[in-house]
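Chemist: Sequence:
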Amino acid sequence: MTLDADFLKVLQIAAQMGATIITAIWAFKRWVSNPLHDEILELRQTIKSENRELQRWFERELRYIKEEHEQFKNELGQLKVEVKSVQKEYTPKELHWKDVSGWRGEVRELHLKIDGYQRWLTEQLFKLAGGDRCTARKD
0 MTLDADFLKV
10 LQIAAQMGAT
20 IITAIWAFKR
30 WVSNPLHDEI
40 LELRQTIKSE
50 NRELQRWFER
60 ELRYIKEEHE
70 QFKNELGQLK
80 VEVKSVQKEY
90 TPKELHWKDV
100 SGWRGEVREL
110 HLKIDGYQRW
120 LTEQLFKLAG
130 GDRCTARKD
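Per numbering that gives the first Met the number 0, residue 0 is the first one in the sequence shown, and the count goes up by one each step.
Derived from the structure by calculation, the hints contain no laboratory data. Here the structure is a predicted model, which is why all the values come from computation and not from measurement. Be aware that one or more of the hints could be misleading.
Derived DSSO-like pairs (lysine-lysine); straight-line CA-CA distance at most 27 Å [stated by the list, open to error]:
hint: 1; residue 1: K65; residue 2: K112
hint: 2; residue 1: K126; residue 2: K112
hint: 3; residue 1: K126; residue 2: K72
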């Protein structure tokens, strides 16, 4: 993300709001499917009162994050179906070590995708708010 005027404005709002904006980020991370959460509404209202252009930028970024979240959920669902089909393909007596290692590889890939997505989502939310990742509390 480049330091354009909108992003600098978000940094200014973050400085004014202090911990409130970080709270909003964590609330959104936990309730990404519920954009009406109080902290998100508070953040939107603050941005709305500050600058209409900034509000449009913020909503655009929020929409992008939600779209990425939906795409990830779809991919995750597809991977789960694939793993289940591999499980159903073999009865325990028919499993060979090669089959098991291949299935474990698919499960490992699924977990890596989840971890990568969670890191990506956290980064996007901090960028959106102009926060510093180092100040985030760990789950």
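Chemist: Each hint should be assessed against the structure and marked as holding or not.
Modeler: We went through each hint and held it up to the structure:
1. A threshold of 27 Å between alpha carbons decides the hint, and for K65 with K112 the separation of about 17 Å falls inside it, so the pair holds.
2. In summary, the hint linking K126 to K112 is supported, as the alpha carbons are separated by about 21 Å, within the 27 Å threshold.
3. A distance of roughly 22 Å separates the Cα atoms of K126 and K72; the hinted pair therefore holds under the 27 Å criterion.
Checked against the numbered hints above, the structure violates none of them.
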